[in-house]
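2 protein chains.
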Amino acid sequence: MKFKVHRDQFVQGVQHVAKSISQRTTIPILTGMKLEASAEGVTLTGSDSDISIEYFIPKEDEEHQYVEVFEEGSIVLQAKYFTEIVKKLPKETVEISVQDQFATTVMSGSAVFNLNGLDPEEYPRLPQVEEDKTFQIPKDLLKNLIRQTVFATSNAETRPILTGVHWQLNDEQLTCSATDSHRLAMRKAKINTNSSGLSFSNVVIPGKSLSELSKVLNDSDELVDVVVSENQILFKADHFLFFSRLLEGNYPATENMIPTEAKTSVILQSKRFLSAIERSMLLSEDNKNNVVNLKTIGNGMLEITSVTPEVGKATEEVTSEEMSGEDLRISFNGKNLIDALKVVDSEEVKIDFTGAMSPFVLKPTDHDHSLHLFSPVRTY
Amino acid sequence: MKFKVHRDQFVQGVQHVAKSISQRTTIPILTGMKLEASAEGVTLTGSDSDISIEYFIPKEDEEHQYVEVFEEGSIVLQAKYFTEIVKKLPKETVEISVQDQFATTVMSGSAVFNLNGLDPEEYPRLPQVEEDKTFQIPKDLLKNLIRQTVFATSNAETRPILTGVHWQLNDEQLTCSATDSHRLAMRKAKINTNSSGLSFSNVVIPGKSLSELSKVLNDSDELVDVVVSENQILFKADHFLFFSRLLEGNYPATENMIPTEAKTSVILQSKRFLSAIERSMLLSEDNKNNVVNLKTIGNGMLEITSVTPEVGKATEEVTSEEMSGEDLRISFNGKNLIDALKVVDSEEVKIDFTGAMSPFVLKPTDHDHSLHLFSPVRTY
Numbered sequence: 013m014k015f016k017v018h019r020d021q022f023v024q025g026v027q028h029v030a031k032s033i034s035q036r037t038t039i040p041i042l043t044g045m046k047l048e049a050s051a052e053g054v055t056l057t058g059s060d061s062d063i064s065i066e067y068f069i070p071k072e073d074e075e076h077q078y079v080e081v082f083e084e085g086s087i088v089l090q091a092k093y094f095t096e097i098v099k100k101l102p103k104e105t106v107e108i109s110v111q112d113q114f115a116t117t118v119m120s121g122s123a124v125f126n127l128n129g130l131d132p133e134e135y136p137r138l139p140q141v142e143e144d145k146t147f148q149i150p151k152d153l154l155k156n157l158i159r160q161t162v163f164a165t166s167n168a169e170t171r172p173i174l175t176g177v178h179w180q181l182n183d184e185q186l187t188c189s190a191t192d193s194h195r196l197a198m199r200k201a202k203i204n205t206n207s208s209g210l211s212f213s214n215v216v217i218p219g220k221s222l223s224e225l226s227k228v229l230n231d232s233d234e235l236v237d238v239v240v241s242e243n244q245i246l247f248k249a250d251h252f253l254f255f256s257r258l259l260e261g262n263y264p265a266t267e268n269m270i271p272t273e274a275k276t277s278v279i280l281q282s283k284r285f286l287s288a289i290e291r292s293m294l295l296s297e298d299n300k301n302n303v304v305n306l307k308t309i310g311n312g313m314l315e316i317t318s319v320t321p322e323v324g325k326a327t328e329e330v331t332s333e334e335m336s337g338e339d340l341r342i343s344f345n346g347k348n349l350i351d352a353l354k355v356v357d358s359e360e361v362k363i364d365f366t367g368a369m370s371p372f373v374l375k376p377t378d379h380d381h382s383l384h385l386f387s388p389v390r391t392y
Numbered sequence: 013m014k015f016k017v018h019r020d021q022f023v024q025g026v027q028h029v030a031k032s033i034s035q036r037t038t039i040p041i042l043t044g045m046k047l048e049a050s051a052e053g054v055t056l057t058g059s060d061s062d063i064s065i066e067y068f069i070p071k072e073d074e075e076h077q078y079v080e081v082f083e084e085g086s087i088v089l090q091a092k093y094f095t096e097i098v099k100k101l102p103k104e105t106v107e108i109s110v111q112d113q114f115a116t117t118v119m120s121g122s123a124v125f126n127l128n129g130l131d132p133e134e135y136p137r138l139p140q141v142e143e144d145k146t147f148q149i150p151k152d153l154l155k156n157l158i159r160q161t162v163f164a165t166s167n168a169e170t171r172p173i174l175t176g177v178h179w180q181l182n183d184e185q186l187t188c189s190a191t192d193s194h195r196l197a198m199r200k201a202k203i204n205t206n207s208s209g210l211s212f213s214n215v216v217i218p219g220k221s222l223s224e225l226s227k228v229l230n231d232s233d234e235l236v237d238v239v240v241s242e243n244q245i246l247f248k249a250d251h252f253l254f255f256s257r258l259l260e261g262n263y264p265a266t267e268n269m270i271p272t273e274a275k276t277s278v279i280l281q282s283k284r285f286l287s288a289i290e291r292s293m294l295l296s297e298d299n300k301n302n303v304v305n306l307k308t309i310g311n312g313m314l315e316i317t318s319v320t321p322e323v324g325k326a327t328e329e330v331t332s333e334e335m336s337g338e339d340l341r342i343s344f345n346g347k348n349l350i351d352a353l354k355v356v357d358s359e360e361v362k363i364d365f366t367g368a369m370s371p372f373v374l375k376p377t378d379h380d381h382s383l384h385l386f387s388p389v390r391t392y
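Listed in order, the protein sequences are those of chains W and U. Numbered continuously in the numbering used here, the first sequence closes out at residue 392. Numbered continuously in the numbering used here, the second sequence closes out at residue 392.
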């Protein structure tokens, strides 16, 4: 194998693919990045067996030539070193060539790196995904769907299914939900399935995969192809393929956990409410249960308090925009509210309470495509 | 105690003083910050027993009133919580008042924090420093002196004296040196002592103290008073006092370690040489000895190589601006060269070698106020 490539295009590809490579894998070849030069261009591949990324640098486009291939072939290079080398190359082109025994030379200007490569034949094949269930979604919407749900997944491996985000497509509506069993985040979006009538349910994508995917997507309205299969999901953008395995098991039914009526309703300014809860949490010890107490105090006012016995007490009054229903005292995990308020894209939120011991619902007032549900905390 | 203070001035003071407070102290009261309100203004104090910082917010200056004191007094508050609270207060003024049993209230707008304070009588007195040995130095020069020496101090507690920077004042010249016994950084500066004939030697300031001092100094040419005593050094700027204890023991004589002649001399572009060494280190495993080999290859060229057996080899040729003397092969710790080249403020550096087994000297070509010395590494 021997090719020359534009450094900047190459750096971008290498950095994308590096996101899928972990040094803590039990399969040694997966600590490497696979490079493959063909008549069409250069393909880079990385995988940690949960996520796989394939990135393609074409030989040329209308404007530029990016790659010059002198000899086709492939090699696997230690990603840890190779990624750092590529970022620090001195000149605008890089030449990579493989000699005997997988010995590889990376050259740029007067800098030469002789690297011990690995046998590309040992590199696992990427998952095969049948392309019968496919829909399209703009990159920026996909990033939002991820940002507004993934934080609510569980970190605990006791119920592995809850470490993923549940995707369901029905009547051109995609519903994404995540829960750690104490809070739920749900985000809906209209999807154009080109009247194929495509629908699916119980597709559960690992939260970590979605976080990594979000990092390699730019904020544009370009469309991404999403291909759903039995145990894999594939995202296809212009230059890359992003594969993730799906979680096995049945995702709990969440729709019917959401209360439909309210005993007390409050409308609050999102940012003002977020700051007040953040302040009330300042006295919480790290890794404690982060309990915040909220009560109505008349005149459309709420009082937020939080007590840490050794340290002290935080109290803050918040004026609501609108309040109706019964008086209320309730306690909840403040950190969960903060997580949700940080991703709400609406200046005001409405909270519907159904009593001190029942879950409550937070929704933006601007639109109804997202919803957050929280369990109260028992404080006695 | 009861006072009102402008939030922004207060935040600045609290953040400065917080730099001297450690949660890992064996003296519980030192996890707190002392606040003292007097007729003149508010004084904040923090200390980790090595470093102490006192910050003063005056009642007013020509333009603004900053503090309104209703009742003089003092209190000690848990710095960990208090610092975070102050940063997140909602309104432009803060009111702090102490009730019985050191119970303290911090109020801003509708946010109220009730904190358990500590007895200010238990807070240790700041060190007393006799002001007979005093000189002045501009803040930006002081920051440079620190930046260009402190990195070369030792982290090992086996020779505690080497964890400090040695300061010596003689004939209006301040000489700062730091060494970890493998490399030495030396920086000289002309100091105006107002013809007091002030001189001292064997003043050794902990590197950590200087790093913290550097963080609280802004980049201006305002003068700082430096007061040197038997076991303390005090830096006095407009709003704050910064005390550090001095290290006990005799600093090794370093001046006579510096070779005065050269067998091979090279002049190199600082940035170009820095990048080349950084690249040659890309294959080094973390925490290894970072050996870089350098040899002359004729025509004013140097070859830099570094080998990590399992990974590969990095080679780079560097063109010198000027070279004279014998051919040379030498190995050294590349990380030490990088540290020095990062703080050199000259476009070119001159390196004088006195053979493969002898220390070599790196100096800027623009001026002669700084110098770096390196031990070679034996590779056989």
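Do not take every clue at face value.
What the hints assert, rightly or not - Listed next, the in silico SDA-like pairs over lysine to any residue satisfying Cα-Cα at most 25 Å (straight line):
#1 W:Lys100 x U:Glu329
#2 U:Lys100 x W:Gly121
#3 W:Lys354 x U:Ser296
#4 W:Lys100 x U:Met369
#5 W:Lys100 x U:Tyr263
#6 W:Lys347 x U:Lys99
#7 W:Lys325 x U:Asp183
#8 W:Lys103 x U:Val124
#9 U:Lys103 x W:Leu286
#10 U:Lys325 x W:His18
#11 U:Lys283 x W:Val319
#12 W:Lys14 x U:Lys325
#13 U:Lys325 x W:Thr105
#14 W:Lys99 x U:Leu286
#15 U:Lys100 x W:Lys100
#16 U:Lys99 x W:Asp20
#17 W:Lys100 x U:Ile279
#18 W:Lys325 x U:Leu286
#19 U:Lys354 x W:Asn230
#20 W:Lys103 x U:Gln35
#21 W:Lys325 x U:Val373
#22 W:Lys103 x U:Ser34
#23 U:Lys325 x W:Val319
#24 U:Lys325 x W:Gln27
#25 U:Lys31 x U:Asn182
#26 U:Lys347 x W:Thr320
#27 W:Lys283 x U:Lys99
#28 U:Lys283 x W:Pro102
#29 U:Lys92 x W:Asn345
#30 W:Lys99 x U:Glu329
#31 U:Lys325 x W:Ser213
#32 W:Lys100 x U:Asn243
#33 W:Lys31 x U:Thr331
#34 W:Lys347 x U:Leu286
#35 U:Lys100 x W:Met313
#36 W:Lys325 x U:Ala201
Keep in mind that the hints were calculated from the coordinates and are not lab data. Values in this document were obtained by computation on a predicted structure and should not be read as measured data.
Straight-line alpha-carbon gap Lys14 of chain W to Lys325 of chain U, limit 25 Å: holds (19 Å)
Take a quick look at whether Lys354 of chain W and Ser296 of chain U sit within 25 Å of each other, Cα to Cα. violated (41 Å)
Given the proposed pairing of Lys325 of chain U with Ser213 of chain W, does the C-alpha separation stay at or below 25 Å? violated (52 Å)
Between Lys325 of chain U and Gln27 of chain W, does the CA-CA distance stay at or below 25 Å? Roughly 22 Å between the alpha carbons, so the hint for Lys325 of chain U and Gln27 of chain W holds.
Lys347 of chain W and Leu286 of chain U were given as a pair; does the straight-line alpha-carbon distance stay at or below 25 Å? violated (45 Å)
Compare the distance between the alpha carbons of Lys100 of chain W and Asn243 of chain U with 25 Å, and conclude whether the hinted pair is satisfied. Violated: Lys100 of chain W and Asn243 of chain U sit about 46 Å apart, past 25 Å.
Please verify whether Lys31 of chain W and Thr331 of chain U have alpha carbons no more than 25 Å apart. Distance of about 36 Å is beyond 25 Å: violated.
Holds or violated: Lys347 of chain U to Thr320 of chain W, with C-alpha atoms at most 25 Å apart: Given that 25 Å is the threshold and the Cα spacing comes to 47 Å, the pair is violated.
Verify the proposed pairing of Lys100 of chain W with Ile279 of chain U, using a straight-line Cα cut of 25 Å. holds (23 Å)
Is Lys325 of chain U within 25 Å of Thr105 of chain W, Cα to Cα? holds (20 Å)
When you check the alpha-carbon spacing of Lys103 of chain W and Ser34 of chain U, does it fall within 25 Å? At roughly 46 Å apart (the allowed maximum being 25 Å), Ser34 of chain U and Lys103 of chain W break the hint.
Take the C-alpha atoms of Lys325 of chain W and Asp183 of chain U, compute the straight-line distance between them, and say whether it is at most 25 Å. Answer violated: Lys325 of chain W to Asp183 of chain U is near 58 Å, above 25 Å.
Figure legend: structure checked against the earlier numbered hints; hints not met, in rising order: 2, 3, 4, 5, 7, 8, 11, 15, 16, 18, 19, 20, 21, 22, 23, 25, 26, 31, 32, 33, 34 and 36.
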